[in-house]
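> Residue numbers (my numbering), protein chains in the order written: chain A, 1 to 246; chain B, 1 to 462; chain C, 1 to 189.
No lab work stands behind these hints: they were computed from the structure. Wrong hints could be hidden among the right ones.
[What the hints assert, rightly or not] Just so you have them, the derived chain A footprint on chain B, three or more residues with Cβ under 8 Å:
1. 30 to 42
2. 354 to 368
3. 391 to 398
4. 415 to 426
5. 444 to 454
Just so we're clear, the structure is a prediction, and the values are computed from it rather than from any experiment. Beta carbons are placed, not taken as given, at the ideal position from N, Cα and C, and that holds for glycine.
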Amino acid sequence: MKVALFIPCYVDQFYPNVGINTLQLLEKLGVEVAYPLQQTCCGQPMANSGCEQDSKDVYHHFVDTFADYEYIVTPSGSCTYHVRKHYDIIDQTPAVQQVRKGVYELVDFLENVLKVEEIPVHFPHKVGLHLSCHGQRGLRQANASEITGDKGGQILTLLKKLKGIEITHLERNDECCGFGGSFCITEEAVSARMGQDRIADHVRHGTKVLTGGDMSCLMHLEGIVKRQQVPIKVMHIAEILNGSQP
Amino acid sequence: MNHPALAEKFARDFSRTTWHDETLWFVRQKRDKAIYPIPEFQELRLLASKIKDHTLSNLDNYLLQFEENARKNGVQVHWATDGEEHNQIVLDIIRNASSIKDKTGTIKMVKSKSMLTEECHLNPFLQKNGVEVVDTDLGERIVQFRNEPPSHIVMPAIHLKKEDVGETFHEHLGTPKGEKDPQALTEAARQHLRQKFIEADVALTGVNFAVAETGSFVVCTNEGNADLGVNLANVHIACMGMEKLIPKIEHLSVFIRLLARSATGQPVTTYTSHFTKPAEGKEMHIVIVDNGRTQQLGRSDFRNSLKCIRCGACMNTCPVYRRSGGHSYDFTVPGPIGAILSPNIDLHKYSSLPFASTLCGSCSDVCPVKIDIHVQLYKWRQVVSKENELPASKKWGMKGLAKMLAMPKVYDLGGKLARSALRVLPHGMTHAKGLNPWAIARELPDAPKQSFKEWYSKNKKS
Amino acid sequence: MSSREKILASVKAHKPVLIDLPTIPAFEGDGSIERFKTVLSGIGGHAIEVESKTDCQGAIDTHYSDLKSVASKLVKSSVEIDKNTSKEVLERVDLAVIEGVVGVAENGAIWVPEVNMINRALPFITQHLVLVLEKRQIVANMHEAYKKLDTVGSYGAFIAGPSKTADIEQSLVIGAHGARSMMVILYGG
Chain A
1 MKVALFIPCY VDQFYPNVGI NTLQLLEKLG VEVAYPLQQT CCGQPMANSG CEQDSKDVYH
61 HFVDTFADYE YIVTPSGSCT YHVRKHYDII DQTPAVQQVR KGVYELVDFL ENVLKVEEIP
121 VHFPHKVGLH LSCHGQRGLR QANASEITGD KGGQILTLLK KLKGIEITHL ERNDECCGFG
181 GSFCITEEAV SARMGQDRIA DHVRHGTKVL TGGDMSCLMH LEGIVKRQQV PIKVMHIAEI
241 LNGSQP
Chain B
1 MNHPALAEKF ARDFSRTTWH DETLWFVRQK RDKAIYPIPE FQELRLLASK IKDHTLSNLD
61 NYLLQFEENA RKNGVQVHWA TDGEEHNQIV LDIIRNASSI KDKTGTIKMV KSKSMLTEEC
121 HLNPFLQKNG VEVVDTDLGE RIVQFRNEPP SHIVMPAIHL KKEDVGETFH EHLGTPKGEK
181 DPQALTEAAR QHLRQKFIEA DVALTGVNFA VAETGSFVVC TNEGNADLGV NLANVHIACM
241 GMEKLIPKIE HLSVFIRLLA RSATGQPVTT YTSHFTKPAE GKEMHIVIVD NGRTQQLGRS
301 DFRNSLKCIR CGACMNTCPV YRRSGGHSYD FTVPGPIGAI LSPNIDLHKY SSLPFASTLC
361 GSCSDVCPVK IDIHVQLYKW RQVVSKENEL PASKKWGMKG LAKMLAMPKV YDLGGKLARS
421 ALRVLPHGMT HAKGLNPWAI ARELPDAPKQ SFKEWYSKNK KS
Chain C
1 MSSREKILAS VKAHKPVLID LPTIPAFEGD GSIERFKTVL SGIGGHAIEV ESKTDCQGAI
61 DTHYSDLKSV ASKLVKSSVE IDKNTSKEVL ERVDLAVIEG VVGVAENGAI WVPEVNMINR
121 ALPFITQHLV LVLEKRQIVA NMHEAYKKLD TVGSYGAFIA GPSKTADIEQ SLVIGAHGAR
181 SMMVILYGG
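Isolated chain A (complex conformation) (with noise of 0.2 Å):
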């Protein structure tokens, strides 16, 4: 099995140590990994912003990156959605198609390609789960609340077996945070409130530690965190599995 890891732009630049508990956790899983160094960025930031046409150079370097790999891992639902749904604009040469179809988010990855049963992790805290909206709704990684009453989802199953966690019951379930990309700064007003409110969610329901799969989300949430001062610990899905403790 030939690996690749991509760590999206902003893990890369800010969170670098999401970066690296990937790859340890998928070390640990026994997977070798491969990490090209030339790999930059899926080319959302653009596309989402209505200039998919100028993201195209980008695509095509993610192509030329990856197209030897059986499998891209990234800790990121939204890069790999973006990768799955909208690549559709270029030619699908056998390398464009490989691509798109060996690209995983990182827990789909371990549930359906590794098919790991279990997480030797003891983490004994209040877990609230963030379901970033691309890989719920886009990738189909968690039930929606649209269609049914049932909140399962592939973090959420992996969460449960550690030993000593809790896991918050939210009253919104899987409303999106309000990040958006440049909607995060175009809709500056809405895109906080959103935000606040679902801190607001976590707070009232006594989460400690706030997780998802989705750093971009996380990222947003945990600004609102620091602004108001929250004691609240914002942690990459990557991190708690791979052991790292709040």
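Got chain A; can you put chains B and C on it based on the hints?
Relative to chain A, chains B and C alone:
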């Protein structure tokens, strides 16, 4: 004003925004409770979607079939290419009606809810031509008194608190000052509007569904205002967007099961009325309106927005709508569905609406006819950009970013410089609210000394 | 070219290739009287059961003894209504007792065809409404209901409970423009 500016204005009132959000979320929850127990609900959504897809792909023939059957039923069918023509047709129908044409006093019209007539700006047109127009849906009557547009397609006055309504009714209906009990206010409206129903010469309704096989149309209300108006007046005018057609009566079952549950969480609206023939001695007219719909039909990426049955579920579920209010969209149909319908009408004016979304996808999952709303929002963004309607800063910023991200060395260096700057510059500068909208309510992440790539190169690269 | 021709030509030019019409499978469900009654009470109406249609008069006497102006073809009527009755007379009706033909257990709706309405406005303008329905006419869902109706006639409505609105702050108020209360009399075995 564009959406961000209007949204900012709305969200500035923190507690009112909380209330608006929670009120609409309550409706969304009612909807969830109504649909979870129905095992075939997802199958019904798929069926509804396919029935509409089919109908749109054969729309000209169904329109002809509908027209033929309606005429056989004694209904007069009119066609309007745009809003202006629609308004003129309605006025002509009123002026030429045998029961009205010799009337000397003011011609009086009662209307039940019709988003189409909002879209065509019918009310001001008729009023200018001497027709008294009274909206009879309670929510619509409230906003009509206040001279405001509806802020929601199902709950037109959802942006108002009962105190607001109390003041409006005190001013227009003479209810006691300070009266804010919904029961008492509704009773006052009932008495006021009963008089209007009795006096009306003509009743106008929208159309929820039109059935090609029989020439019938269906109107759904909870209040009973459509039926009261129509059955007491001598002339009934029903205005419909051409996309309201479905092939057969049996298809109504699918849509009726979906509509009220999605809209308000009710199992069905109180009145689901099927109009086929006019009552003896009375007139019934149908106005079929295009107003940009055939153009949307021709846009393959956006065509299926025409499947919309106007339930409003995408508004109730939308975290942006709930926190920015219907008026922030400044379009007849607000919310996610409005954000994909409006650019078809005027791309320049509504260029900010496709960006009034995080693309969370909740709208698409809640939609009873499975319109891929968030995908269309993404696609409209590309059109906005292509038609050069993006703000210049965004356009050039994105071009620059794309160039950088296609060149690893430039990206690595750029990231390093940016992080150093963030570490070195004082907090007051990096978080200056005028320069950095992020920092108005949020802290920036700490800028680490080394990126993951730098760490990897040092520690792992063999 | 008339607007009609213009629109039809434009639709023809813009429509996609023909997509198949799906068939609606037979959806089953709980068509019980209990279900119907539970759902009806959830939407603000209520139902009582009597043995036969002739027992309606007794039920009306019991439940509506205070109402003076009653219009009906089923029970004793105190005001004569036909399709030409004036608005002013209709406006003063306190109670209309009308026969429905199909009931729907999943949503509490009852189909009332024009022929049973006496006057098209009556079921809507009356202050209170009673619908009479034979128990065996209750079906599980809307698919079965439309199947059971041969035709939707010239005019007809599914009526589900009393008139209501939640347009002021989402507070439910019964009795918006139409009937302030709605009772269903179920008869038969």
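> Against this structure, judge whether each hint is valid.
Taking the hints in turn, this is what the structure says about them:
Taking a C-beta to C-beta cut-off of 8 Å, the stretch 30 to 42 of chain B contributes 3 residues in contact with chain A, enough for the three needed, and the coverage statement holds. For a cut-off of 8 Å, the count of residues in the stretch 354 to 368 of chain B with a CB near a CB of chain A stands at 12, and the three-residue condition holds. Here's how the stretch 391 to 398 of chain B fares: 3 of its residues keep a CB closer than 8 Å to some CB of chain A, so the rule of at least three is met and the hint holds. Given as covered by chain A, the stretch 415 to 426 of chain B passes the check, having 3 residues with a CB less than 8 Å from a CB of that chain where 3 are the minimum.
Three residues within the 8 Å Cβ limit are the bar, and the stretch 444 to 454 of chain B against chain A gives 10, so the coverage statement holds.
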